[in-house]
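Asks: Make a model of the complete structure from these sequences and hints.
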Amino acid sequence: MLEKILKSLGLQRARPTEKAGEALYALAVAQSRQVVFYTDYGVKDEIGARFELLVLHVVMLVDALKSDEPQRKETSQALFDALLLALDDTLREQGIGDLTVPKKMKKLAQQVYTRLVRWDEIWGEGGDDATQTDYILKTVYAQDEDEAIEPNAPLWAAALSAYITDVRRSVDVDELLAGHVNWPQITEIKVEG
1 MLEKILKSLG LQRARPTEKA GEALYALAVA QSRQVVFYTD YGVKDEIGAR
51 FELLVLHVVM LVDALKSDEP QRKETSQALF DALLLALDDT LREQGIGDLT
101 VPKKMKKLAQ QVYTRLVRWD EIWGEGGDDA TQTDYILKTV YAQDEDEAIE
151 PNAPLWAAAL SAYITDVRRS VDVDELLAGH VNWPQITEIK VEG
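In our numbering, the protein residues as written are 1 to 193.
Among the clues, some could well be false.
Derived EDC-like pairs (lysine to aspartate or glutamate); straight-line CA-CA distance at most 20 Å [as the list claims (entries may be wrong)]: (1) K66 with E150; (2) K66 with E121; (3) K19 with E74; (4) K104 with D174; (5) K73 with D166; (6) K104 with D81.
Now the in silico label distances, taken between C-beta atoms and shown as ranges [unchecked claim]: (7) D120 with N182: 16 to 26 Å; (8) P184 with V117: 30 to 40 Å; (9) V101 with A26: 35 to 45 Å; (10) A14 with A130: 33 to 43 Å; (11) E125 with P184: 20 to 30 Å; (12) E150 with R15: 23 to 33 Å; (13) V173 with G97: 24 to 34 Å; (14) Q34 with K66: 18 to 28 Å; (15) I96 with P70: 15 to 25 Å.
In case anyone wonders, no lab produced these hints; they're calculated from the structure. For every residue, glycine included, the Cβ atom is placed at its ideal position computed from N, Cα and C.
Replies: This is how it looks when you write it as structure tokens:
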């Protein structure tokens with residue numbers, strides 16, 4: 001806590017890995033908010049779907065940084081910490097009380113960790129499109145129990161799966177370590193109906 005206060009006052013400098021992690025988080029936020037996801041890809045512009053899309057982008061970067069090499073580990077951890085700090089800040093901005101924030105953060109952190117583990121399993125198994133698409137349907141396009149399944153959701157999820165594959169192929173670790181991401185072009189899709 002003291003370290004955070006000192007940094008905010010400019011009395012202590014952030015390490016390069018912290019700066020890179022924070023920059024990557026900001027880039028993941030910006031990418032996950034690209035309008036094409038909410039128009040062409042049918043992602044609902046609601047807090048749950050936005051959360052899932054943001055976590056997906058962060059997890060892709062964390063996965064790309066996975067290594068025993070210290071700089072990669074520290075940058076990955078800084079990225080993950082930036083996500084959790086932003087979630088904490090968001091809860092507080094929503095007016096959640098100080099006594100309730102830790103409980104909600106525990107739940108959110110568990111959701112993030114669950115996604116991280118599951119994506120790691122999927123990509124460890126080769127990340128085939130069918131498995132990715134199925135998990136995207138369960139997370140990004142999740143429906144409430146009383147809601148009808150959107151008929152185009154499988155098509156949108158397949159397109160998002162192809163985008164994930166493009167991201168994973170194009171991400172350059174050296175750029176990530178410098179706090180930069182060269183995201184691939186998001187293919188626009190049109191659904192009839």
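Asks: Next step is simple, just say for each hint if it's right about the structure.
Replies: Here's how the hints hold up against the structure:
1. K66 with E150: Status violated; Cα separation ~35 Å.
2. K66 with E121: OK: K66 and E121 at ~13 Å, within 20 Å.
3. K19 with E74: holds, 11 Å
4. K104 with D174: With a Cα-Cα distance of about 35 Å, the restraint between K104 and D174 is violated, given a limit of 20 Å.
5. K73 with D166: violated, 23 Å
6. K104 with D81: Holds, at about 16 Å.
7. D120 with N182: 16 to 26 Å: Between D120 and N182, where Cβ atoms are some 23 Å apart, the hint holds.
8. P184 with V117: 30 to 40 Å: Cβ of P184 to Cβ of V117: about 25 Å, so the range 30 to 40 Å is violated.
9. V101 with A26: 35 to 45 Å: Violated, since V101 and A26 (Cβ atoms, about 22 Å apart) do not stay within the stated range.
10. A14 with A130: 33 to 43 Å: holds, 41 Å
11. E125 with P184: 20 to 30 Å: holds, 22 Å
12. E150 with R15: 23 to 33 Å: 44 Å Cβ-Cβ, so the 23 to 33 Å window is violated.
13. V173 with G97: 24 to 34 Å: violated, 41 Å
14. Q34 with K66: 18 to 28 Å: Hint holds: Cβ distance 25 Å, inside 18 to 28 Å.
15. I96 with P70: 15 to 25 Å: For P70 against I96, whose Cβ atoms are near 35 Å apart, the range 15 to 25 Å is violated.
Hints 1, 4, 5, 8, 9, 12, 13 and 15 from the earlier list are contradicted by this structure; the remaining hints agree with it.
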